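Visitor: Sequence:
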Amino acid sequence: LLPLLSVFHLERAEAAARRAGLSTQPVWRQLWDDVMKTRLPKGKNITCWRKKFLETFFWNVLHGVLDVSSDWRLSDPHFSPLLHSSPHVSQLTLCNTLQDALELAAEHNQKVLENLAGSLRILKFQNLLSSDQSIRHSLALLLHRLIHHGSVSQVSMYSWPVPDTVLLVLILSMSAGLCRLGNAITYRSSPCGLCREEEKAQSKEAPHEQAERGCCDGREGSDGENQGGFLGAPAEADANGCQADAGRNSVLSGPTSPLQNPASKEASSKVLCDPTSVQGGSPHCISDQLSCPRVLRKTRRRLKPAVGKKRRCLRQSRGPHADPEDLYDFVFTVAREDHSGLFNKNSTTEGENAESWTSLSPGFPCTGHAGCKKRGGSAGIFSLKAAQRFRSVSTLELFSIPLTRETWRTLSNILSSWVSLENLVLYYNGLDANISCILSGLRALSRHSDCQLRVLRLSDVSSHLPCVELVRCILSAFPRLHRLSVSFDLKIELEGRRPEGNPSCSEAEIPESCLEQLEIRFPREPLHTAFLLPVLKASKSLQQLSLESVTLPGSQELGLLLEALREHNPNLKKMGFYDVNLSQHQKEVLLLLQDPVLQEITFSFCRLFESSTAEFLSEVINAVKRNSSLKSLRLPGNRLGNDRLVALADIFSEDSSSSLCRLDVSSNCIKPDGLLEFTKKLEGHIQQRGGQIQFTHLCLFQNWLDQDAETAQEALRRLKAVCTVVSDSWHSSQAFADYISVM
Numbered sequence: 001l002l003p004l005l006s007v008f009h010l011e012r013a014e015a016a017a018r019r020a021g022l023s024t025q026p027v028w029r030q031l032w033d034d035v036m037k038t039r040l041p042k043g044k045n046i047t048c049w050r051k052k053f054l055e056t057f058f059w060n061v062l063h064g065v066l067d068v069s070s071d072w073r074l075s076d077p078h079f080s081p082l083l084h085s086s087p088h089v090s091q092l093t094l095c096n097t098l099q100d101a102l103e104l105a106a107e108h109n110q111k112v113l114e115n116l117a118g119s120l121r122i123l124k125f126q127n128l129l130s131s132d133q134s135i136r137h138s139l140a141l142l143l144h145r146l147i148h149h150g151s152v153s154q155v156s157m158y159s160w161p162v163p164d165t166v167l168l169v170l171i172l173s174m175s176a177g178l179c180r181l182g183n184a185i186t187y188r189s190s191p192c193g194l195c196r197e198e199e200k201a202q203s204k205e206a207p208h209e210q211a212e213r214g215c216c217d218g219r220e221g222s223d224g225e226n227q228g229g230f231l232g233a234p235a236e237a238d239a240n241g242c243q244a245d246a247g248r249n250s251v252l253s254g255p256t257s258p259l260q261n262p263a264s265k266e267a268s269s270k271v272l273c274d275p276t277s278v279q280g281g282s283p284h285c286i287s288d289q290l291s292c293p294r295v296l297r298k299t300r301r302r303l304k305p306a307v308g309k310k311r312r313c314l315r316q317s318r319g320p321h322a323d324p325e326d327l328y329d330f331v332f333t334v335a336r337e338d339h340s341g342l343f344n345k346n347s348t349t350e351g352e353n354a355e356s357w358t359s360l361s362p363g364f365p366c367t368g369h370a371g372c373k374k375r376g377g378s379a380g381i382f383s384l385k386a387a388q389r390f391r392s393v394s395t396l397e398l399f400s401i402p403l404t405r406e407t408w409r410t411l412s413n414i415l416s417s418w419v420s421l422e423n424l425v426l427y428y429n430g431l432d433a434n435i436s437c438i439l440s441g442l443r444a445l446s447r448h449s450d451c452q453l454r455v456l457r458l459s460d461v462s463s464h465l466p467c468v469e470l471v472r473c474i475l476s477a478f479p480r481l482h483r484l485s486v487s488f489d490l491k492i493e494l495e496g497r498r499p500e501g502n503p504s505c506s507e508a509e510i511p512e513s514c515l516e517q518l519e520i521r522f523p524r525e526p527l528h529t530a531f532l533l534p535v536l537k538a539s540k541s542l543q544q545l546s547l548e549s550v551t552l553p554g555s556q557e558l559g560l561l562l563e564a565l566r567e568h569n570p571n572l573k574k575m576g577f578y579d580v581n582l583s584q585h586q587k588e589v590l591l592l593l594q595d596p597v598l599q600e601i602t603f604s605f606c607r608l609f610e611s612s613t614a615e616f617l618s619e620v621i622n623a624v625k626r627n628s629s630l631k632s633l634r635l636p637g638n639r640l641g642n643d644r645l646v647a648l649a650d651i652f653s654e655d656s657s658s659s660l661c662r663l664d665v666s667s668n669c670i671k672p673d674g675l676l677e678f679t680k681k682l683e684g685h686i687q688q689r690g691g692q693i694q695f696t697h698l699c700l701f702q703n704w705l706d707q708d709a710e711t712a713q714e715a716l717r718r719l720k721a722v723c724t725v726v727s728d729s730w731h732s733s734q735a736f737a738d739y740i741s742v743m
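With the working numbering applied, the sequence shown covers 1 to 743.
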């Protein structure tokens, strides 16, 4: 009867079917074929068709690409598409104008949002466009519920050619758990229920404690702490922390903004509290419209107002709805907070558009140039602790989003206190000279004993620093990294391109690091072991090293590297070379294959057998046969051909002590007859050893197996009786282009 049930009743019958020992998987699979009409990628293993169907169903209904009336099994009157499928959604992608965010944040979808808060783990943004204020407000509600009060652990953003700065900084800040809250986080006129419960719990405090921690206690002009204000309020703002809309034209406003021009105190004060200066003639007082952050009031620093500048904020009675734009005030000056190595932007004269960049230290006045402190310096810079903090995500990924200098500074400031962040991935974001911002953020973050950052992956077109020097800078700034990946496409001319204020890291001392995995993709830069040596010395726990697209300037360089690894990295288990010409380094290749500690070795497109002799091949086979520690050997793209493949079968001969489990011979011009001969020889060795062999996986991607389908099928059939075979339907007509690409 299960195939005759609607989705609603099938879902309700799931538990009963499981108790009866029945599987609903075939029914869900049939539903997928009938409703989705989408063929999954070949080789994709679906462990639960129920979850796969309902999650995809949720996406399609939300995006408006599936009509539920198209199938009787979807149109049950008791079935609410978004509500009943949302508990199965672990990944959600929001695109373009974010209309989906508007829909999910709507009042009638509160229950859907509650379900997503419990099930969603990954939130993605793709191909975003600029959005209006109502969309941003809905997105803030969504992020607050899914991240701050939910289970989202990863936020990823993809392909945003012209990012909306306000929107981008909002996503980054709320992903980090930073939020300026009050009545702005509301569903219609009702505040966030979870925040309301928290507020009720805090309202039970003793009255005198509440009075001390009150946000707007009217103590204007006091020399004590100013408990009003919000993240990034200007130093000359009044004790009530009021600010008008005119003071927040942009997340990264220019020097004419009162937030970035502390010298203009009189003008700022008029803008902040003069009702006639606000658009539409209506004054805005943030202290009246938003309740102040509750979490960190005790630790907030008091700010001394300008002498003789006692100012009152003309209050406006609080209506039933808070101004949605107030929600974003906390974001507006995140970019202006500075940490060690960041830059502070100050106007040299009132109203002047000139820019001067000054290095600041955290918590100290600017000393970068004369008069900076007098004009304000760090006076207008506030700690991020002033923002209310919530739960944050542990993984942030940015792919193909060009960031401006100001946005890099904003990200650096957010990063500096993001202690729960574990994985940071930055791919093609215009890093270049802005690497100094990331290094500054890492230095500030490393001062937190509870910071969790373990994985950093950087990839871009070019860098202002050579790859090895950049690695040294990163480990000097943050030695607690466990995995570091650095990748750049183009070789650069270093002369005159080093970032200002960032001296060479070649002399920087690297403390003992926790690094376990290091991956470097060089833009055809030469390998200088002497420069890499301090990294290896500091990384006693290094277990995996991958070098890609590096050139070897001399015949001794690779040998020096192997010697340094043996001396300083006794725990190294995996070593990989990718797109590195090793045809003239046969001695070093054999030394690697004989290493008694390495468990996995990769030579990918290294031209090993380009000009080799039969003697070299025999030495390779003998080295692997005698190495009992090596578990995986990957040789893709090394022009093995049929004859050398057949010879490799001797690795598993009767006199071999090899423990090799995995062999990768992808992209090696192997034809069906050569594969069949390899299979027969392998079967013979297995028979001689009485079936005692540890070989379990053979990878055959992109070989010429289409030239004789019948022979290829026979070889694969016989191989699958011995081990797991991974192959594809690659057509050999692509071989010529692939061959040219590695010439």
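Any given hint might turn out to be false.
Stated by the list, open to error - With a straight-line cut-off of 25 Å between C-alpha atoms, the simulated SDA-like cross-links for lysine to any residue are: (1) 587 - 673; (2) 51 - 39; (3) 124 - 76; (4) 681 - 693.
Said to hold, decoys possible - Simulated restraints, written as ranges between beta carbons of each label pair: (5) 618 - 563: 23 to 33 Å; (6) 596 - 511: 47 to 57 Å; (7) 193 - 449: 54 to 64 Å; (8) 528 - 26: 51 to 61 Å.
Please keep in mind that the hints were generated in silico from the structure rather than gathered at the bench.
In this text, all values refer to a predicted model and were calculated from it rather than measured experimentally.
Note that beta-carbon positions come from the ideal geometry of N, C-alpha and C, so glycine has one too.
Visitor: Taking the earlier hints as the rules, which of them does this structure contradict?
Guide: Numbers 1, 3, 6 and 7, in rising order.
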